[in-house]
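Enquirer: Residue strings, one per chain:
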Amino acid sequence: MLWTLLLVAVALVVSPALVVATGRRTGWLLAVVFLAAAALFTPTALAVWSGNIPTWSMPWIPELGVDLSLRADGLGVVFTYMALLIGAVVLTYSASYLPPSNRRRSMSFYPIMVAFTVAMIGLVLTDNLLVLFVAWELTSLASFLLIGRSGAGAEAPSMRTLLLTFTGGLFLLAAVGAMWARTGTTVLSEVLTHGVWDTDPLFTGAMALLVALAAMTKSAQFPFHVWLPDAMAAATPVSAYLHAAAVVKAGIFLLMRFSPAFADVPIWNALLICIGLFTSLFGGYLAIGQDDLKRLMAYSTVSQLGLIVAAVGVGTAFALGAAVVHTITHALFKSGLFMVVGVIDRATGTRDVRRLPHLARAMPAMFVVTVLGAASMAGVPPMLGFISKEGLLGAMRQAPGPIFNGWIAFAVMTISAVVTFTYTAKIVTGGYIDGDSDREVMPVSLGLRISSALPIVLGLPLALAAGLLDIPVNAATTAANTPGSPEPHVHLALWHGITPELIATAVVIGIGIVILARRTALHPHIERRRAAGDGTTAINRLYTLAGAMGRLVNRMANSDSPTRHLAFIALGLTAVIGLGAAHSHDKLPPLQDGVSQPLDALFLVLMTGAVIVVCTSNSRLGATVALSTIGIVGTTQIFSLGAPDVGLTQLLVESLTVIVIMLVLQKLPLTFGKPGKNRRPSALAIALLTGTAAGVATHLFNGRRFPSGTSRYYLGSGAQEAGGENVTNLILVEFRALDTFGELAVLGMTAVSVIAIISTVRHRHLDPPPKKDRSYVPAPKIPLQGPGTLAYRAVTQAWGNAVHMQMLVNLSTPMIGLLSLWLFWRGHNAPGGGFVAALVGSCIVAMVYLATSRDRQIGPPKLPLRLITAGIVIALVIGGVGFIKGSFLAPLHFYIGEVHLTTSLIFDVGIYLAVLGLMLVTFNLLGTSASTALQRGEQTRERADEAVEGELPGPMDTSRGERPIRYGRGTRILSTGREYRP
Amino acid sequence: MIISITVGVLVAGGIYLMLQRSMVRTAFGVSLLSHAANLAILTSGVPAWREDPILNVTTPDQAADPLPQAFVLTAIVITMASTILMLALSVIGHNDDLLRAPESGESHRP
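Listed in order, the protein sequences are those of chains R and A.
By this note's numbering, the letter at position 447 of the first sequence is numbered 447, and the numbering carries on one by one without gaps.
In this note's numbering, each number is its position in the second sequence, counted from 1, plus 1000.
Pulled out of the complex, with its shape left as it was, chain R reads as follows (with noise of 0.2 Å):
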């Protein structure tokens, strides 16, 4: 068994190189392939049929109990050998139907036609309700891509295609969930026999229902039926192997598999029987109507296997046995006459039949052969379609329900026979005797002919000693029947006695050779009603439909405004938190003592001005000085809540982002512009409801419990494991350094987008921006004193402001350098650590950038990215050290004499080239004064390409994703017209 599966998946692999190397002929070898699959699989289809039943597992995924797991059973035995032997028939005709010349052709059919059968066989005998959903998917896929692969005429079929099976597949992950939730396993045979079936009979409707419409999408059964007829536009291989033994039979399949839990569900029943027997009377009605011979093939799958799922929804022994000996029998015929109708189409160059010639006399071996298909799918003896017919009318009777429910049934089947016969009669008529036209036939080769007449030429000796496929079948039987049911004892033979289905039998024999005769009278009222309700327009009016639904969605959130984006997240916040309130007030524990302390009061007040402030100030600078006081308030409340590391972060991170701030604001209006009328109240109102919302959520679920275990772990056991004394940082850097890695990243990551976004910036005068531009608001125009005077000095040539700060800069800077070093270095034991000690030293570049008495670049220009670099890459190496201790990023500890040192000190350092780097890049390219226009030098774009390119004359010709050339060689420097030369 699974070395028939490893074959086939090993010739799956191998299958692109073969057809390289052989082109068309890679049929051959494949079919070679699949009959030694088939072979290597008869000692488990003899272990099967002798009552034993063969299984293999392997752990897939051990956490949650999934295995890979096989278990041939009757069925599974069954459909493996349709799929094989089918499939070799299929591949040698592609050998010779494929274009010889045309590799491509080739080589997007072998590998999905393998891949193809490898799902099918994987679906079969998978003993994994997992596996089982997943090879579900991937036929789906492959018959998508089959479908597809046949020139741009396939492209919408194939897209409905998929819209049909995979809406099939999202019903069964549905019943595949439902059923892993509420039996615990998700083993096949295990959840089939559970006693959940038994006890609950809701769960068991809905999934019967869930499990039934699964496989109604991937067997083509009203409504889901139109994707079939579609699926034609693919390669007449394909539709012969899709229709007899792959996709189609994969619904037959899932309807036997599951019914040993649903076969006695009244839904399941109902469903299946009357779907089926609806579905094989209008697809047979559909099939009269066509003219195009595959077309009518299509319909007439369509309708075949509407019997067969009315026979599984029967469910009794009797009816399964006959659906299985159906399906191995439409098997056969329906491959057979797929590929006659390749030949026909080869020969013929058409398919239609009013356009043949009369191809009986031009073809009369094929003509024997497609009598002999024709003959078995309308049910006349002695084919095999007889036997099966025979069984599945008998089947019928069975129904459950009162009596005469199964003679309805039984009534059903036999108009559905007769318009069988009608159709397959239409094929052999308008195929070979009715054509006047005298078209060219072209001489078809040897290797079509015999592939196609093969399925149905083998289906006649077992017609004749139709008590072989006792056994199989029985198996199988027993595989789809309720356990513990008695012993199916099915025996297929061409004579019962003169029984019901007999008489059945004759009569529409009969009726059908009167409509036989009459046809000329006939078929032209069918085919006239046939254009009307198109399956094909339904789905394109539902997916026109969809949309437009997606184009209205879109608009709700198609703006540019802060509001149609912010408003619905805040009060959806909003109303989560009032929902939780209102639901839990009423059971919260109470507040701890001594939440609320004198000076949280003293915040509170101090907060709620700078909040006043920065909210409605009109004035940027007004603002920001607000903004820097909520900071600074906020910090020292940090500091009292007993978190100095967070406190000094929060109040070097102020600092050096209030000084971001004024490098922005330069080239900013000094005010706000006026906000618009209606969105102020708006505005206003949100933002109360969503500041209510957080300050109750703050106040019902903080502050009500006790330390947590965890806490008590980090004080208690983990910090002496880590041996330090800081807490705080030995999470970062020890317990949760993965989170710090990701922050660092996150850092480096940021410092990169500066830059592109940087780069995007307009060069002033090469590239002006338009005079009529809405947005353009000029430099403010400061009330300065005249040139010469003291003030005007002051501004327009800054080094005599800046001396001072540049004396202050060289005698702090080491001393912040020395602060730097000792705060990082004490991290483990007191506040400090790697984060602390960055923006320590990310201060030493802010005062040295100030200090200068015009812009220019702190460092090489390339410094940063490189430092951001190390940074990263750092961490990552000490992380991988940390693999030796077991897990990424596990600190190692060593001593050198006293000293106690680990690695995670290195990871700091990591962070620290990090957080510098950020800085670095973040002064240099905000801090040019592009638009100030009171100095000449280096300017924005200039300096953004420097951050990569490294030093540059001037700013370069291109931008980033102005053109597709990329910085380099070729492009000029604007300022000097030469070439860059890196």
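Derived from the structure by calculation, the hints contain no laboratory data.
None of these values were measured; they are calculated from a predicted model.
Among the clues, some could well be false.
Unchecked claim - A few chain R positions that, by computed beta-carbon distances, are all more than 12 Å from chain A: (1) 68; (2) 669; (3) 787; (4) 802.
Unchecked claim - The following label-pair restraints were derived from C-beta to C-beta distances: (5) A:1057 - R:816: 21 to 31 Å; (6) A:1057 - R:817: 23 to 33 Å; (7) R:866 - A:1057: 33 to 43 Å; (8) R:177 - A:1057: 46 to 56 Å; (9) R:182 - A:1057: 54 to 64 Å; (10) R:598 - A:1057: 36 to 46 Å; (11) R:589 - A:1057: 39 to 49 Å; (12) R:802 - A:1057: 37 to 47 Å; (13) A:1057 - R:561: 44 to 54 Å; (14) R:899 - A:1057: 19 to 29 Å; (15) A:1057 - R:862: 41 to 51 Å; (16) R:558 - A:1057: 53 to 63 Å; (17) A:1057 - R:581: 50 to 60 Å.
What the hints assert, rightly or not - Here are some of the chain A residues that sit facing chain R, going by a computed Cβ distance under 7 Å: (18) 1005; (19) 1008; (20) 1033; (21) 1037; (22) 1066; (23) 1080; (24) 1086; (25) 1091.
Virtual Cβ for every residue (Gly too), placed ideally from N, Cα, C.
For this one, chain R is given, so just place chain A on it according to the hints.
Expert: Frame of chain R; chain A shown alone:
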């Protein structure tokens, strides 16, 4: 709990600022919101225990919960990064108070 009022005030201010057109105001709003979030996370460690979680200074019984502190410390640095990014975005045009949406090159309706 008094701090919960502080959180509410900060959130209200932050949301109000974020609903304005100006990019700089939006950046300020994000800054306020993150202050609020930081305080909310810190108080999840229960502010009844407020001693520094540094073991040679404090006994573990009195120490504040160090885990939220580690979270907030990370959050502060990320806030800094996102503020810088938003500030950079606010200076790539002539003015951050854009009343007109920039051309994106694609039409909104078919």
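Enquirer: Quick check on a hinted range of 46 to 56 Å for residue 177 (chain R) and residue 1057 (chain A), using CB atoms only.
Expert: About 53 Å separates the Cβ atoms of residue 177 (chain R) and residue 1057 (chain A), which means 46 to 56 Å holds.
Enquirer: A closest beta-carbon separation below 7 Å is what the hint needs, so does residue 1080 (chain A) meet it against chain R?
Expert: OK, holds: residue 1080 (chain A) within 7 Å of chain R, min 5 Å.
Enquirer: Against the range 44 to 54 Å, how does the distance between the Cβ atoms of residue 1057 (chain A) and residue 561 (chain R) compare: consistent or not?
Expert: holds (51 Å)
Enquirer: Does the Cβ pair residue 598 (chain R), residue 1057 (chain A) satisfy 36 to 46 Å?
Expert: Violated: the Cβ-Cβ distance is about 23 Å, outside 36 to 46 Å.
Enquirer: Does residue 787 (chain R) sit more than 12 Å from chain A, CB to CB?
Expert: The claim holds: residue 787 (chain R) sits with its nearest Cβ about 28 Å from chain A, beyond 12 Å.
Enquirer: Does the CB of residue 1066 (chain A) sit less than 7 Å away from some CB of chain R?
Expert: holds (4 Å)
Enquirer: Given a cut of 7 Å on the nearest C-beta pair, is the interface hint for residue 1033 (chain A) held or broken against chain R?
Expert: violated (9 Å)
Enquirer: Beyond 12 Å on every Cβ pair: is that true for residue 802 (chain R) relative to chain A?
Expert: holds (23 Å)
Enquirer: Indicate whether the distance between the beta carbons of residue 1057 (chain A) and residue 816 (chain R) respects the range 21 to 31 Å.
Expert: Check passed, 25 Å falls within 21 to 31 Å.
Enquirer: Let's test the interface hint: is any C-beta of chain R closer than 7 Å to that of residue 1005 (chain A)?
Expert: Constraint on residue 1005 (chain A) satisfied, holds at 6 Å.
Enquirer: Have a go at the residue 1086 (chain A) hint: is there a Cβ in chain R nearer than 7 Å to its own Cβ?
Expert: violated (10 Å)
Enquirer: So does residue 1057 (chain A) sit 50 to 60 Å from residue 581 (chain R), Cβ to Cβ?
Expert: Between residue 1057 (chain A) and residue 581 (chain R), where Cβ atoms are some 38 Å apart, the hint is violated.
Hints 2, 10, 11, 17, 20, 21, 24 from the list above are not met by this structure, while the remaining hints are.
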